[in-house]
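Chemist: Keeping the supplied structure of chain A fixed, place chain B upon it in accordance with the hints.
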Amino acid sequence: GENVEQHPSTLSVQEGDSAVIKCTYSDSASNYFPWYKQELGKRPQLIIDIRSNVGEKKDQRIAVTLNKTAKHFSLHITETQPEDSAVYFCAASIEGGGADGLTFGKGTHLIIQP
Amino acid sequence: EPEVTQTPSHQVTQMGQEVILRCVPISNHLYFYWYRQILGQKVEFLVSFYNNEISEKSEIFDDQFSVERPDGSNFTLKIRSTKLEDSAMYFCASSAWDGGTEAFFGQGTRLTVV
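Just so you know, the sequences run in chain order A and B.
All the letters of the first sequence, read from the start, carry residue numbers 1 to 114 under this note's numbering.
All the letters of the second sequence, read from the start, carry residue numbers 1 to 114 under this note's numbering.
Derived from the structure by calculation, the hints contain no laboratory data.
Quick caveat: nothing in here was measured; it's all calculated off a predicted structure.
There could be a bad hint or two in this list.
[What the hints assert, rightly or not] Result set (DMTMM-like, lysine to aspartate or glutamate): computed pairs, CA atoms no more than 20 Å apart in a straight line:
| # | chain 1 | residue 1 | chain 2 | residue 2 |
| --- | --- | --- | --- | --- |
| 1 | B | 42 | A | 2 |
| 2 | A | 68 | A | 95 |
| 3 | A | 68 | A | 15 |
| 4 | B | 42 | A | 39 |
| 5 | B | 57 | A | 2 |
[What the hints assert, rightly or not] Each pair of labels, with its calculated beta carbon distance range:
| # | chain 1 | residue 1 | chain 2 | residue 2 | range |
| --- | --- | --- | --- | --- | --- |
| 6 | A | 15 | B | 53 | 45 to 51 Å |
| 7 | A | 46 | B | 54 | 20 to 26 Å |
| 8 | A | 39 | B | 76 | 22 to 28 Å |
| 9 | A | 59 | B | 28 | 22 to 28 Å |
| 10 | A | 59 | B | 63 | 39 to 45 Å |
| 11 | B | 9 | A | 7 | 28 to 34 Å |
| 12 | A | 114 | B | 12 | 35 to 41 Å |
| 13 | A | 40 | B | 74 | 24 to 30 Å |
| 14 | A | 55 | B | 13 | 46 to 52 Å |
| 15 | B | 78 | A | 56 | 42 to 48 Å |
| 16 | B | 17 | A | 83 | 36 to 42 Å |
Even glycine gets a Cβ: it sits at the ideal position worked out from N, Cα and C.
Isolated chain A (complex conformation) (with noise of 0.2 Å):
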């Protein structure tokens, strides 16, 4: 099955200054790859989302970034503030599979320093 992989466990940034969080997964044939934010005690929110025919994709101030050869993909968030600490997964599943279930990465705690 599939495996994800993330880092780091723990960001700590300056405000204002990007945070970059790194997956990665192991079954070639994963397509879809949604990141998600969860704040203490809620559910999780999706973020943005990549699939396997783009190599980039953005939303204002986070991005992501899929290297399928590598298989690994990242989330970049720019200017960051005070609410973006939160926790944040990646996730990879096989889109068209017949609703495979989301394999999540282990989670990075971001925390924005004012």
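Modeler: Then chain B, alone, in the frame of chain A:
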């Protein structure tokens, strides 16, 4: 905005008892999922459900667990003979179609087994 709703928000049960966690997926969604998150750990896939039957299940989803869609709106997770290690947050999710479309998560049910 439509959302997945779960009840109860918190359930305390004695070891060995049976619990039923309830979910109302988004109304036009076809795929339903249960995930588990032990405190401080990653979100783990339990089971997916489509067309009134289990589509995929993980190693965690053993004979202790069952799912059901008893009517047109509810989706339930039953845990028989609960164990201490079943204590976790259980998230229901739904998506419009399989694998690669956005999975919307409910707010979760915190299960505490004592």
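Chemist: Hints first: check each against the structure and report whether it holds.
Modeler: Checked hints:
| no. | hint | result |
| --- | --- | --- |
| 1 | B:42 with A:2 | holds, 15 Å |
| 2 | A:68 with A:95 | holds, 15 Å |
| 3 | A:68 with A:15 | violated, 31 Å |
| 4 | B:42 with A:39 | holds, 13 Å |
| 5 | B:57 with A:2 | holds, 13 Å |
| 6 | A:15 with B:53: 45 to 51 Å | holds, 49 Å |
| 7 | A:46 with B:54: 20 to 26 Å | holds, 24 Å |
| 8 | A:39 with B:76: 22 to 28 Å | holds, 27 Å |
| 9 | A:59 with B:28: 22 to 28 Å | holds, 25 Å |
| 10 | A:59 with B:63: 39 to 45 Å | holds, 43 Å |
| 11 | B:9 with A:7: 28 to 34 Å | holds, 33 Å |
| 12 | A:114 with B:12: 35 to 41 Å | holds, 38 Å |
| 13 | A:40 with B:74: 24 to 30 Å | holds, 28 Å |
| 14 | A:55 with B:13: 46 to 52 Å | holds, 48 Å |
| 15 | B:78 with A:56: 42 to 48 Å | holds, 43 Å |
| 16 | B:17 with A:83: 36 to 42 Å | holds, 40 Å |
Hint 3 alone, counting from the list given before, is not met by this structure.
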